[in-house]
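Participant: Here is what each chain is made of, one letter per residue.
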Amino acid sequence: MASEILDVAIEDIVKPENLVYRRPSTLVDTEMHYCPGCGHSTVHKIFMEVVEEMGIQNEIIGVAPVGCSVFAYQYMDIDMQQAPHGRACAVATGIKRMLPDKFVFTYQGDGDLAAIGGNETLHAANRGENFLVIFINNAIYGMTSGQMAPTTIEGMVTTTSPYGRDVKTMGYPLKFGELIAPLPGVAYVTRQSVHTVQNVRRAKKALQRALEYQKQGLGFCLVEIVTNCPSNWKMTPIESNKYVQNVLIPFYPLGDIKVPEVKK
Amino acid sequence: MGEVKLMKGNEALAEAAIRAGVDAYFGYPITPQSEVIEYLSREATKRTGMVVLQAESEIGAINMIYGAAGCGKKAMTTSSSPGISLMQEGLSYIASAELPCLLANINRGGPGLGTIQPAQGDYFQATKGGGHGDYRLLVLAPYNVQEMADFVKLGFDLAFKYRNPVMILADGALGQMMEKVELPPQLPRENKEYPWATTGKPKNGERRIITSLHIQPEKMEEINLRLQRKYKQMEEEEVRYQTKNLEDAEYVFTAFGLVSRIALKAMDLGRQKGYKIGWIRPITLYPFPKKVFAEIAPKVKGILDIEMNAGQMVEDVMLSVQGKTRVEFYGRMGGVVPTPEEILENFEKMFIKGE
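Chains as they are written, first to last, in this note's numbering: chain B, 1 to 264; chain Y, 265 to 619.
It should be emphasised that the hints constitute simulated quantities derived from the structure, not laboratory data. Misleading hints may appear alongside valid ones.
No farther apart than 30 Å at their CA atoms in a straight line, the calculated lysine-lysine pairs in the DSBU-like style are these [stated by the list, open to error]:
| hint | chain 1 | residue 1 | chain 2 | residue 2 |
| --- | --- | --- | --- | --- |
| 1 | Y | Lys467 | B | Lys45 |
| 2 | B | Lys102 | Y | Lys417 |
| 3 | B | Lys45 | Y | Lys483 |
These numbers come from a predicted model, not from an experiment.
Looking at chain Y on its own, in the form it has when it is part of the complex (with noise of 0.2 Å):
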């Protein structure tokens, strides 16, 4: 068993970052994920030589990651919902020059300056895209710190395996509550050459050219088409998500990171009802568990999804299930957590009662 500390998600992040032997940290504070720039600037350079650099915003720092990662080197940056929205257009250029980076968003509330406390509204900005263009990034979602810890090795597998960004969606509550965490391993920071990054135009071959522009729109098309291959290929290979109680499932009870806990709970104190109630927690949220809402959909009365939004990631549960069977929808907003209580007293309301 590696080395067990009790941490906040976000130094639990910053940690891992270090063990993963990352390169390069570009980043804004913000709350509530200032933390993590604060934990690498203090420990990461001296003990990996890592490059930690607070840059003028966030768009200067999402900038900062493109050029690291163009010359092949892992990269990373931390933001909250406002700094991670003013980091979409250079996701959109990351995506489209197909360069492999990790950023973590610690959702709070919103729209606008919103509230520092814990939300889940930016699950369409993250998994439909979030800038222009067709390109997506692969999002985790963690639900408790030892995720926080475990997805930055995670993610940046998956950024090189696909050369795409990869986000860590989380929360506000799980950036700052405290868990007992087992760090991973430390791994020594790889000076590893890739054929595409560019480090100098190589004596004997051709120089490398980073770029989204293709003028041509046939040429436009073919990387279009390069993308959505990647991108089939990544919902094969990398959908990712967590059952419990569907052998004998009634009913399913969703959410993703911090709120699947508390479903989880909700699913507990329901069965003591009598409720045969079943979980399931999409992992990846792009490319989002379809199959496991689709399989389950024909065999139980309805899925009750609950997030803290108005009602995002239940769109993907209705596309997945396809009419099967029916799907409502309980959110708080505003960085208000739901209760399992609450959860559960509305589950009776719309599932039970009216029977």
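Isolated chain B (complex conformation) (with noise of 0.2 Å):
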């Protein structure tokens, strides 16, 4: 069979050498119940990506949060628990204290860190547990269909703040990244994005460093990403792409917020 465009078999090209994309070996082939256009795909790709890459996929155990990524499990081909809501930097905590010499993430969503799990990631953080904490910050409580979270920003409407979040009687957006930076057991602290392909490679150096840092047993790294939730904020996945590069970036600024120091 010859392709019309290229004027080329296609037995020729579809060759092992020639492969520039695939769905890594630790990703379950299956299908994602997430809408389309969200960015946890992308984050739970990139996630695998690394840990392929790194060899890690028997060595590492993983966190589950309660929200949209509950399942997380059911597309990460490694050994998970499923925490309660909140608790996911608690189960961690035991996962890693009973396994010190293997790789243990959580996998978070504004709401399970920073609301109610509040407690248990800055005790995690300041405890300096030894793993990695993966925050997604879409600045929404997806699951349950578009209330506010502690991330939401101020004027942000969701169904809780149907006129605007007003900071006054609904306080503040929480930057819970820069809450913990300055505590001494936290050893990295990123913000990162998934909405063009460039920030998706960086996102992934990121993730790649933070599991460096804990094989080299430096501390609590957080990797944010502030993502999108089209569903929610009633968009279509490009206009949300564009309220995550206009509205929510500005406020929660991308790049390294604390990296280890370089022992010399």
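Assembly of the complex is requested from the two constituent chains, each provided in isolation within its own frame, with the hints serving as guidance.
Facilitator: Put into structure tokens, the structure is as follows:
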């Protein structure tokens, strides 16, 4: 069979040496339940690429939260535990203290990590627990369909701030990364996004760096991903990515907040 | 005979945990049981390498247990009533995810912040679930310092047999009082692999998932039915109790934990006065020893249930006897411990003077 456009046989194209993109072997071959355009699937994929590239599929244990990513264990082909709402960092503490030589991470949304689980996250960070927290911040509650999150920005409309977040009565959006960065137990805090190809690559690099720091035993690492929620923001995927760029990122600036000091 | 020591109940429990080869203790201080975490902080890690961590809260502690138990490790915690309330969410998840663990509730007077004195007001919470959903803890009720120590290994054996949380339900007095205790031998910490434990995906096997989430109702019902089968098996295989003087008994005193010792003394006082009183002490509060009550009920004039609460175990006694005999209750609350004399006096008021 010949391709009409390229005038070259398909068989000559589908060859291992020509492969430029594939599902990582660490990601389960199944349909995801995430909404079209949602950042979760991208973060799942790049993190599983990191796990594959580092060759640690048999050495890593993950903790899934409550929220949209509660089903992370259906997609990540690794051993996982599903934690009570907000308790992922306590569960991860139990795992890491039992298996200090294994890689451990939590994957949590903004409500799970910063609202109901604020205490568990803060104290795990302060103890310098040597694991990675992947923090998905889309400024809204996804699974319960669109309520205000601790990270919802001022004026943002949600189902529980229908006239926009009024910081005088509803409190201010919480920058959890900046909050914990000064703690001595915290090794690495960075804020990334996955709304452009360039940002996806940077986010992947940050995730890899965090696992390397864990291997070195440097302490608590938080990789925040500022991302979208097209369904609950009631936007198309493209509109939602523009909102990430134009509205969220100016409030949640991307980049490293804390990096480990290089030992000399 | 093993090493014999004079110890507080809390210390005996902590020492027994080290000797049982427990892998981890996660806890948060609360009176009247802070000696447990203090003792372990001092002794455990240097002797067996056991992990001892003071959590940020009881909520943190029970979820650390979840994580550690999910790795197939022997993990335990202890607390007292208000702290145990905070653990109920975690216990519901642990029971649903079918993870083994041990906890001890050194019951104090409630409700609310209550008092730090001994009470048994957490019987319902311990035996009927406590958190949300249909689940049970296997509950052991020690009545002396020896059993505070002995029930640690027994508790873990049962927790791993059923992959279910086991609770030692004691009270502030059992935790604080000193008695002679024969300590069990030091067992090594096992490094056992379990097919369900998340220790890193096996190279030639399926990934392990520990979860209590099953969105499909049919699947969740299946999980519930599995749990119920397990509880049924516990009811068939794990019932434990102790009796005295049932052979000629016309009346029965029943109580658990500390109060069962006071009731025993009250029985002796009553027998000196010529009342034929027997004694039943449930050791497993769940599964409850229904059969011994059902069998004795038609043979006696009545059962007096004595507790340090407003009447909780008495409901299980009534369900067990199915109306076949008269069941009365006497209790003290708020941290007050009844005396043998007052138990006997109330027995006479209820059962003798009316005759």
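Participant: Against the structure shown, which of the earlier numbered hints fail to hold, in ascending order?
Facilitator: Every hint satisfied by this model.
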